[in-house]
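In the order they appear, the protein sequences are chains A and B.
Its first residue numbered 1, the first sequence is counted upward by one per residue in UniProt numbering.
Its first residue numbered 1, the second sequence is counted upward by one per residue in UniProt numbering.
Keep in mind the hints are simulated off the structure, nothing from the lab.
From a predicted model like this one, the values you see are computed outputs, not experimental measurements.
Where hints are given, some of them may not hold.
As the list claims (entries may be wrong) - Label-pair distances were calculated between CB atoms; the ranges are:
hint : chain 1 : residue 1 : chain 2 : residue 2 : range
1    : B       : G56       : A       : N44       : 35 to 45 Å
2    : B       : T105      : A       : L127      : 13 to 23 Å
3    : A       : T114      : B       : V55       : 14 to 24 Å
Yeah, the Cβ is synthetic: ideal placement off N, Cα and C, and Gly gets one too.
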Amino acid sequence: MSAFRLQQLKSHILFESKIAAMSGSPSPLTTHVLNTALGVPGTNVTLRLYQQDTTTNVWQLITTGTTNDDGRCPGLITQEQFKAGVYKLHFETGQYWASMGQTSFYPYVEIVFTITDPGQKYHVPLLVSRFSYSTYRGS
Amino acid sequence: MKSVNSKDLQKMAVAESSPLTTHVLNTSDGVPGAKMALSLHRLDTRLMIWSMISVGTTNEDGYCPGLISREAFIPGMYKLRFETGSYWEGLGKTSFYPYVEIVFTIHNPAERFHLPLLMSSFSYSTCRGN
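Using the sequences and the hints given, assemble the complete structure.
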């Protein structure tokens with residue numbers, strides 16, 4: 001089989017697996033990491049989603065993931081798990097900059113937010129440089 | 001014009017000598033984030049717990065002088081916690097964030113560090129200034 005033909009087949013398979021990941025209903029909570037210093041998506045950023053237990057206030061780990069080439073991390077949470085309450089997204093931004101041989105002012109970024117209506121879609125992006133970051137509630 | 005006596009000058013000198021400062025801005029209303037409670041913590045690396053260094057409230061200009069003294073400002077990991085949820089509640093609004101915590105690393109405490117917080121009820125940003 002030629003190298004060109006192998007490439008074609010590989011791109012078909014990758015396309016299929018993207019569809020598979022999306023075929024369950026998409027996560028009602030999404031994120032997007034953007035490297036504002038370079039104007040590129042923040043790829044390969046490790047992140048963790050926690051849900052705060054309403055009785056004990058202890059943080060329960062829901063998902064661990066890594067951002068893809070687009071800086072996104074599909075499948076953060078299912079609609080069933082997504083109850084009203086307080087959540088936390090923890091981004092390993094220090095590790096991200098270190099992997100590019102750079103230091104950063106922030107060892108990590110944590111964003112704590114309140115979900116009042118789990119029927120809505122929530123988008124919690126992180127725009128980050130070595131010395132700044134911002135976030136907003138999108139949908 | 002209000003006259004400033006030497007006691008006031010002393011207080012101002014102590015307050016402004018904090019090597020770490022912050023400034024809270026309410027970007028929704030285009031005003032300083034006044035009367036916001038906040039606290040500064042340092043990570044105790046031996047016990048791996050946060051110990052509180054100071055608690056304060058921002059003034060009318062959104063500043064909180066006297067966060068930490070030069071002597072106490074040693075290298076390490078610090079956290080500034082802003083009670084943003086209570087702030088917006090006080091204005092009769094809900095907020096997406098119950099509080100904001102900014103964790104940062106200080107390698108060279110001889111420098112000055114200014115950590116502003118620009119926020120609305122649905123967004124916030126911060127940066128390292130000096």
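The hints, checked one at a time:
1. G56(B) / N44(A): 35 to 45 Å: Holds: the Cβ-Cβ distance is about 38 Å, inside 35 to 45 Å.
2. T105(B) / L127(A): 13 to 23 Å: 20 Å, holds
3. T114(A) / V55(B): 14 to 24 Å: Because 23 Å falls inside the window, the suggested range holds.
In summary, the structure agrees with every hint in the numbered list given earlier.
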